[in-house]
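Undergrad: All chains, please: the whole structure from these sequences, using the hints.
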Amino acid sequence: MHGSDNTAEEMSVEKNATLDAKGLMCPMPIVNLAKKVKEMKSGQILELIADDVGAKEDVPAWCSRTGNTLLSVEEEGKILRFYIKLK
Amino acid sequence: MAEKFCMVVAEGSFDKAMMPLMMGNTAASMGMEVHIFYTFFGLKLLKKNAKPKLPGMMRFFTGMMAGKMKKLNIPSLDEMMKQAKELGVKFYACSTSMSMMGIKESELIDGAKVLGASAFLNMAFDSKLTLFIG
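These protein sequences, in sequence, are chains L and R.
Count along the first sequence from 1, add 9, and you get the number used in the numbering used here.
Count along the second sequence from 1, add 1, and you get the number used in the numbering used here.
Please note that a few of the clues may not be correct.
[Claimed, not checked] As a list, the in silico SDA-like pairs of lysine to any residue whose alpha-carbon atoms are at most 20 Å apart: (1) R:Lys5 <-> L:Ser73; (2) R:Lys49 <-> R:Ser100; (3) L:Lys65 <-> R:Met24; (4) R:Lys91 <-> R:Ile110; (5) L:Lys47 <-> R:Glu87; (6) R:Lys71 <-> L:Asp29; (7) L:Lys31 <-> R:Asn74; (8) R:Lys5 <-> R:Lys105; (9) L:Lys94 <-> L:Gly76; (10) R:Lys5 <-> L:Ala43; (11) L:Lys50 <-> L:Gly76; (12) R:Lys71 <-> R:Leu55; (13) L:Lys44 <-> R:Met82; (14) L:Lys96 <-> L:Gln53; (15) L:Lys31 <-> R:Leu73; (16) R:Lys129 <-> L:Thr75; (17) L:Lys87 <-> L:Thr27; (18) R:Lys105 <-> R:Met24; (19) R:Lys83 <-> R:Met23; (20) L:Lys45 <-> L:Gly76; (21) R:Lys5 <-> L:Cys72; (22) R:Lys129 <-> L:Ala70; (23) R:Lys72 <-> L:Leu33; (24) R:Lys91 <-> R:Ala120; (25) L:Lys65 <-> L:Asp29; (26) L:Lys96 <-> R:Ala3; (27) R:Lys83 <-> L:Asn41.
None of these hints come from the bench; they were simulated from the model.
TA: In structure tokens:
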């Protein structure tokens, strides 16, 4: 096994779009997320970037409530990256 | 069919104006059908161009609070209201409060529907969640 196989870059999710919600407080990341999802197609993957501390709990809650799949979350200091697969 | 979420707003201060819109816009973004019933002092918030203030002596600091919110990138009350309409949030005015407060239907925001308690309760009974903001 090669040590380089698991670098963050190689593991990064193939995304169809990115929504940058940095600097926005609750509920704006969620409101903008719902708006963005409406423009996208089923099965596509959206990357959501947020730095509102509430987003850590809010985005998974939104996903479970709306039936979309949260593939992964990456945390880099205050920045959160969510990868959401649309239903 | 979408699940229903109802709120009753009974106070007319700035904070009571913001809270139901924040909750309502979030719930609508989560796919819920949102209904907000404005009654007693809360009804003032449904007037066109309502400019509510913080409660009591805090009212003098309303501008300061709005300024701080702007700095934090939080949408203004007008922006939240516009968003709510775009998201399909439904607004209702309590008919008795309208007579009590001397507010005419023409003074209410566009799209607000006048209801009595029984019509609102009928919606609340069918909803998954009802919150009282007061």
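Undergrad: Would you check the hint for Lys91 (chain R) and Ala120 (chain R), treating anything up to 20 Å between C-alpha atoms as holding?
TA: holds (14 Å)
Undergrad: Holds or violated: Lys5 (chain R) and Cys72 (chain L), Cα atoms, limit 20 Å.
TA: holds (18 Å)
Undergrad: Take a quick look at whether Lys96 (chain L) and Gln53 (chain L) sit within 20 Å of each other, Cα to Cα.
TA: Holds, at roughly 8 Å.
Undergrad: Is it true that the CA of Lys96 (chain L) sits at most 20 Å from the CA of Ala3 (chain R)?
TA: holds (16 Å)
Undergrad: Measure nothing beyond the straight line between the CA atoms of Lys71 (chain R) and Asp29 (chain L); if it is 20 Å or shorter, mark the hint as holding.
TA: Within the cut-off at roughly 19 Å; holds.
Undergrad: Are the Cα positions of Lys5 (chain R) and Ser73 (chain L) separated by 20 Å at most?
TA: The hint holds at about 17 Å.
Undergrad: If you draw a straight line from the CA of Lys31 (chain L) to the CA of Asn74 (chain R), is it 20 Å or shorter?
TA: holds (10 Å)
Undergrad: Does Lys129 (chain R) pair with Ala70 (chain L) here, judged by a C-alpha cut-off of 20 Å?
TA: holds (16 Å)
Undergrad: Between Lys91 (chain R) and Ile110 (chain R), is the straight-line Cα distance small enough, at 20 Å or below?
TA: holds (11 Å)
Undergrad: Against the 20 Å threshold, does the CA-CA distance of Lys5 (chain R) and Ala43 (chain L) hold or violate the hint?
TA: Holds, at roughly 17 Å.
Undergrad: Do the alpha carbons of Lys105 (chain R) and Met24 (chain R) lie within 20 Å of each other, as the hint requires?
TA: violated (27 Å)
Undergrad: Would you check the hint for Lys65 (chain L) and Asp29 (chain L), treating anything up to 20 Å between C-alpha atoms as holding?
TA: holds (15 Å)
Violation of the numbered hints given earlier is confined to hints 8 and 18; the remaining hints are satisfied by the structure.
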